[in-house]
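Chains B and C: place on chain A using the hints.
Protein chains in written order, with our numbering: chain A, 1 to 279; chain B, 1001 to 1279; chain C, 2001 to 2279.
Sample of chain C residues facing chain A (criterion: CB under 7 Å; computed from the structure):
hint, residue
1, 2051
2, 2256
3, 2264
25 Å max Cα-Cα, derived PhoX-like pairs, lysine-lysine:
hint, chain 1, residue 1, chain 2, residue 2
4, B, 1243, A, 264
5, A, 6, A, 191
6, B, 1103, A, 83
7, C, 2104, B, 1083
8, B, 1012, B, 1271
9, C, 2103, B, 1083
10, B, 1148, A, 18
11, C, 2083, A, 103
12, A, 103, A, 114
13, C, 2006, C, 2271
14, C, 2148, B, 1018
15, B, 1243, C, 2243
16, A, 243, B, 1243
17, C, 2114, C, 2103
18, C, 2243, B, 1264
19, A, 243, C, 2264
20, B, 1104, A, 83
21, A, 6, A, 162
22, A, 104, C, 2083
23, C, 2018, A, 148
In short, the hints are calculated from the structure, not lab data. Given the structure is predicted, the values throughout are model-derived calculations rather than measurements. Ideal placement from N, C-alpha and C gives every residue a C-beta, glycine not left out.
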Amino acid sequence: MDIFEKSDLIFKNIREIKPVVHNISNIVTANDCANITLALGGSPTMAGHPDEVEDVTSGCNGFVINMGDVAEPLVEAMLRAGKRNNEIGHPVILDPVGAGAAKKINDVLFELLKNIKFSVIRGNVSEIKFIATGSGSAKGVDADESDKVTDENIDIAIDFAKKLSKKTGAVIAISGEIDIISDENNAYIIKNGHAEMSNVTGTGCMLSSVLGVFCAANLDDILDACAVAVSSYGYAGELAYRKMVETDSGTASFRMFLIDYVSKMNAEIFKGGAKIERR
Amino acid sequence: MDIFEKSDLIFKNIREIKPVVHNISNIVTANDCANITLALGGSPTMAGHPDEVEDVTSGCNGFVINMGDVAEPLVEAMLRAGKRNNEIGHPVILDPVGAGAAKKINDVLFELLKNIKFSVIRGNVSEIKFIATGSGSAKGVDADESDKVTDENIDIAIDFAKKLSKKTGAVIAISGEIDIISDENNAYIIKNGHAEMSNVTGTGCMLSSVLGVFCAANLDDILDACAVAVSSYGYAGELAYRKMVETDSGTASFRMFLIDYVSKMNAEIFKGGAKIERR
Amino acid sequence: MDIFEKSDLIFKNIREIKPVVHNISNIVTANDCANITLALGGSPTMAGHPDEVEDVTSGCNGFVINMGDVAEPLVEAMLRAGKRNNEIGHPVILDPVGAGAAKKINDVLFELLKNIKFSVIRGNVSEIKFIATGSGSAKGVDADESDKVTDENIDIAIDFAKKLSKKTGAVIAISGEIDIISDENNAYIIKNGHAEMSNVTGTGCMLSSVLGVFCAANLDDILDACAVAVSSYGYAGELAYRKMVETDSGTASFRMFLIDYVSKMNAEIFKGGAKIERR
Chain A
1 MDIFEKSDLI FKNIREIKPV VHNISNIVTA NDCANITLAL GGSPTMAGHP DEVEDVTSGC
61 NGFVINMGDV AEPLVEAMLR AGKRNNEIGH PVILDPVGAG AAKKINDVLF ELLKNIKFSV
121 IRGNVSEIKF IATGSGSAKG VDADESDKVT DENIDIAIDF AKKLSKKTGA VIAISGEIDI
181 ISDENNAYII KNGHAEMSNV TGTGCMLSSV LGVFCAANLD DILDACAVAV SSYGYAGELA
241 YRKMVETDSG TASFRMFLID YVSKMNAEIF KGGAKIERR
Chain B
1001 MDIFEKSDLI FKNIREIKPV VHNISNIVTA NDCANITLAL GGSPTMAGHP DEVEDVTSGC
1061 NGFVINMGDV AEPLVEAMLR AGKRNNEIGH PVILDPVGAG AAKKINDVLF ELLKNIKFSV
1121 IRGNVSEIKF IATGSGSAKG VDADESDKVT DENIDIAIDF AKKLSKKTGA VIAISGEIDI
1181 ISDENNAYII KNGHAEMSNV TGTGCMLSSV LGVFCAANLD DILDACAVAV SSYGYAGELA
1241 YRKMVETDSG TASFRMFLID YVSKMNAEIF KGGAKIERR
Chain C
2001 MDIFEKSDLI FKNIREIKPV VHNISNIVTA NDCANITLAL GGSPTMAGHP DEVEDVTSGC
2061 NGFVINMGDV AEPLVEAMLR AGKRNNEIGH PVILDPVGAG AAKKINDVLF ELLKNIKFSV
2121 IRGNVSEIKF IATGSGSAKG VDADESDKVT DENIDIAIDF AKKLSKKTGA VIAISGEIDI
2181 ISDENNAYII KNGHAEMSNV TGTGCMLSSV LGVFCAANLD DILDACAVAV SSYGYAGELA
2241 YRKMVETDSG TASFRMFLID YVSKMNAEIF KGGAKIERR
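In isolation and in its complexed conformation, chain A is listed as follows (with noise of 0.2 Å):
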C-alpha cells in the first residue's frame, strides 16, 4: 500500500481518536501550536509547570517539546513530561528551535537527546546538522543558506538522515523548500509548501506540533505519517499563498489562510496536492 492509500486511514485515525497533545512551547507560538491542534481536529494541553506536567502527560495521547524557551523550569518540565511519555509509550517529538544559535539551547538540546527517546526530531537543515555534528552555523531560528536542501544535494542529504535516524531512533523531519522525511531505512522527499511560509512566525513550530497529531493518532506508523503530515501542511500553504495573492492581502492573512487550509484538510485534498516521492 502506498502513502496515498495509506493516507485514508491516516487521516480517518485523528478523526477517531481526537488525540490530546501536550504541547510545551514558548511565548511566542503556544498560541499558535494549540490553534494548529484544535484545526486539525486534536485537543491541545499547554501545561508547562514541573509538578504538574506528568499528571496532566499522562492522560494525553502524545507530547511535543518545543524548544523555543529554555527557561529552567520548562526544562525540568519537558524532561518529566518526556520520560512519563517514554514509559506510557506515547510518541515524544522534538523541535530543536534554535540548535546552534546559543550555548545555553545546546547544552539544553543534548540534555533531552540524553533522556528522553525521540520518535521524531523535527528541525530546518540547520538545527538537525547541528544536532548530528555538534557544530552548524545558524543564525537565530532560519536555516543558514549554505546548509539548503538541493536537488544537487538531495542523495547525500537522505543519506545523513538515515544515518540520525539510526543513531537517535527517532524519524527526522528536516524542513526546507524540499522536506525529507527519514528512518534508518527508508525515505521521503516532499516538494509542497511556499516560501511565504517563512514571512510568518511559528510555521515551524506549528508543523511540529502538526506532527504531534498524526504521531499521537497513528503511533503504528510514524515514518508515513509524518510524510503525510509534512505534504498536506505544506500544500496548505500552497493554497494559502494563492489565496492571498487573488484576495491582494498580506502576511497577516496569509497566516490565517494557512491554519484555515489546515483546518480543511482531509485525505482527499491532500492526496490532489501531495508532492512526495519515496526513496
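Using the frame of chain A, we list chains B and C on its own:
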C-alpha cells in the same frame, strides 16, 4: 425590569466607564484576552510580577485570574492582586483552567479559593464540579463528556450551581452547550454559542475576560451582567460561525470573526439573538 | 535631501540587509512583535534566557527591549543583551511599557537606563514624561488624557523631547494622535495613524519592533529611519481602518489588515500617505 430591558444599561455602563481590567493570564491566550477586552471597549492590563501587581491593580476596575499558568511567581501575583481587589471592593473573576487535571493545579486552586473572595467563578462543568466536590474526570482543558449539562439533568445542575454559589459567595458560570449562570437564589440558562468555539483555543479564557469587563462596569448587578456577557459572547460565536460558512473559510477565520462580532456587540444586537431563560 | 527622497534608501536597506532583530518581549505581544518584524522583511529572534542572549544577540543586527514583562530573569537578559549590543555598536530600542504604573516597573526602567545606551526610546507621552521627570499619571498601559500632545502644546512637547534626547543620547519617539520623533537638534511631527489602533493590543509594542527593523538596517540615519517607520506604520493603520469599514468587519480584522499593510509597505506607498513635518 427583565434582563433584556436591563441590557441597555449594562452595555451603556461599559461604553461610559471603559473599565480597565487587570488579567493574569498565560502564554497561550494572553493576547486573545487582551484583545477581547479591547474589543468590548475595556482596557486590559496584563501585569504578572508579584511586586508590581498591587500597584497596577489599584488603578483598575476589576481583576480576572486565569489559572492556565501556575508558576510560583504568577500564583503569588494572583494572591496579592486578589487580596488587594477584595480590599478595595473590585470584582474578581476566577477561571479555574484545568481544575482536576493535576494535583499541582488543584493545590493552587484551593489556595486561591481560601484566600480570595470571588465575584464570579467561570469554568466548564468538569472544572466547576471539581471545585464543588474535589474530584473529577477532566482530560486536559476540555470538559468530560459524562459531565455535560443537558435538558434532562438541567434542574439538578442548577441546584448544584446555586449551592456552590451559596458556599463560595460567587456567581457561578458553567460554560457548555447549555450555560448556567447562577447566584444562590436565581439562575439563568443560556442556549447561545456554537460548537465551533471549541475548535479555537482561548474561547473560554476570552469569556472570562469578557466577564471581567461586564462586571467591572456593572458592580451592582453582577448576576445579570454575567448573563448578558455569556449570552452576547455566545451569540457572537453564532454569527461568526455563520460568516465562516458563508465565506467557506476555516477555524482561524472563525476566531477573527468571533472577536469582530464581540467588537460590534451592543444591546440591540444582543436582544436580537439572546436565548436566555430565567429559572 | 528631504525625508521623502531619503525614504527610498531607507526601505531599500531593509530589503537588502534583511536585518535580524532580537526582541525581548512579553506573553501578550511576542507573537505580534515577531510577525510585524517578518512583515517588514526582517527576521526576529525572541530569545530571553539570561544565559543565551549574549550568544544570540551577537548574530543579530539590532535589539528591542519591550518592558512589558519585568520578571527577574528577563531583566537580567535585557541588561546582558543590551550591554553586548552597546559593545558591538548595534542599535538598542527601548519600549518602557507601563512606566509610572508601578514602583517595580520604574525600578527596572531606571536600571536599564543607567546600564544601557539606547538609540531610540519609544513610548506614549505618559511613559516618556515619566522617564524625564520620574513622576506621572499612567493608568495601566495607556497614556493619560491630561498628558496628550495637541496642536496647542506641540512646541512645548518638542522642546521637551529635544532636551530628553540630549540627556539620554537617544532619539525620542512619542506616540499619540500626533507623534514626535526627535533628537537633540531636530524633530519631526507626524500625523499619521488612526484611533482604531488603540482598540488592538500590541500596536505600541509592534511599532517598537518596527523601529528595530528600520534602525538595524539604517545605522547612519536613526532619526530619519524612525520618522519613516512611525509614519509608514501609522499610514498602514489608516489603510487598515479604511478596509475595516469597507468590509464592515471589526477589531480583529483591523489587526490583520494592519499587519497586511505593513507587509506591503514600500517607499512609494509611504510617499503617498505620509504626513510628516520637520520642525
